[in-house]
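Whenever a hint applies, use it, and build me the whole structure from the sequences.
So the sequences go chain by chain: A and B. Residue 194 in my numbering sits at position 73 of the first sequence, with consecutive numbering throughout. Residue 163 in my numbering sits at position 142 of the second sequence, with consecutive numbering throughout.
To be clear, the hints were calculated from the coordinates, so they are not data collected in a lab. For clarity, every value in this text was computed on a predicted model and none was experimentally measured.
Cross-link-like lysine-lysine pairs, in silico, DSS-like; alpha carbons within 30 angstroms at most: (1) Lys305(A) <-> Lys25(B); (2) Lys67(B) <-> Lys305(A); (3) Lys359(B) <-> Lys178(A); (4) Lys314(B) <-> Lys345(B).
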Amino acid sequence: MDFKKITIFAGHYGSGKTNLAVNLAFHHKAQGRDCTICDLDIVNPYFRSKDSEEDFKAAGIRFISSPFANSNVDLPSIPAEAYSVFAKSDTYSVIDLGGDDRGSYALGRFSEFLTDESTYDMLMVINQYRPDTRTPEQVLEIKKEIEDACHVKFTGIVNNSNLGRETTVELIERTREFADECAKLLNLPLVMTTYSDKLEKPNMPNPFAINIMAKDIWQV
Amino acid sequence: MAEKVLMKGNEALAEAAMRAGCRFFFGYPITPQTEVAAYMAKHMRKNGGTYLQAESEIAAINMVLGAASAGQRVLTSSSSPGISLKSEGISYLAGSDLPAVIINIQRGGPGLGGIQPSQSDYFQATRGLGHGDFHVIVVAPSTVQEMVNLTYDAFDMADLYRMPVMILGDGILGQMMEPAEFPTESSRKLPAKDWATTGTKGERKKNIVNSLYLDPAELERTNFERYERYEKIKATEQKAECFMTEDADIVVVAYGAAARVAKNAVLAARDAGIKVGIVRPITLWPYPSDTLKEVAKTAKAFLSVELSMGQMVEDIKLSIDCAKPVYLCNRTGGMVMKPDEVLAKIKEISGGLK
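Spelled out as structure tokens, the structure:
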């Protein structure tokens, strides 16, 4: 897909937003675009984009995050530097929001900069294998809650359905009808279907290979 | 078994509790267990139960005492500092012979400590969860699926033995996501709760739930009886998983998330030709002493791998009557060891054995 200057990933808690945001940042970089990744997650205490900070540095991706992320300071804070994402510039930005309406409140502060849809995409990440987003109706409910919280409208859907390490191509393909129905019910285009780059490409609309960055600490 | 879903450990605990018939949750938020309460807040009402965020941990545990007295399946959850606050109420639950399930998703301590994962509440859980002579059953899951399975069993054991059961996890398990499925029913046969204070309706003698005894001789007798029950639990409920222990010279002992780190180190050590295995305690009280005694017949040394300052070392030594040396590989304060650190320790011990 053609990415706009700002891409925001929002959605249900645990739908895979952070991993997608990190992947898109590297994708931008691989396409030769200057890129910033901005962590606005004010909900999650662990497993944050900050885990990939060294990789960002090595790749030349600018990283904005709360100075308290991954520390013992259990404080939902946003760095002032986040404003720079919305300044006129040639760089591409990826915003990683926290889950559900609670996580999306953080974006509300910046909604005044998000009025022209030609400059940004806000993508709703969905995973049918999460217990609270099994049906399009449940997805619609969460969509409304998030939009009410952040005052920004979604522009598309990313089908990120997966079962963690047990994901197979067949499991992804089984979510086709669900994803189509979500697109219809939410009246949004299905812009991406993600799959692990370790798997074969599924027969799904707009497949997008992602690298599963989150590494279990017990792995050698 | 239904289709698998992808869940956070904390969410899985909450969902499993409701499926196990828990209709009352009283809690207070604290990182890294808040998702248990958040999930309950969202779903408990749909399941016809009561979710209540209490004004404090102390209030929450006493609400648990109330619901348990009325014979209801009830849950509270917290993380380390919050469990300390609940400990008075847990002692009252034990002294009143009440079933309840308590979740502790541990973080670094002591004091306010930090929000990163830890296992340093081991002594508290297995020995000192409140004042007085008592124990609670402590189960220690190591995967999200096991968090689900042990939650069902925790409620069953609580009802069967009329005592609190603690599910002892850590921040890693609470926060990580894995696929899980939910069993439709539990398998234990449970006695009727004919002791519950549900109203006599003028048809039976009144039930009294209480932990105050005016007569010291009666209190002593109650304690002796309770400890007879504990002996029965020790004989029947010890649970551990053994992996590659049959021919092991070195036996690693680790539970929870630390066991996952340790298992990878064991596999790497086997590749390096070292005969090493792992015992993973699933119950921490009763401690799986029988399993350790058995492997101690052939093992030459033990290694406790834990996210605490050697607390479990004592239970290993007690289990094997100090018959073999017990070493320690640990991190604490929210830091987690890498498999390489455990492997290095295994190699060091192995070098000393030759």
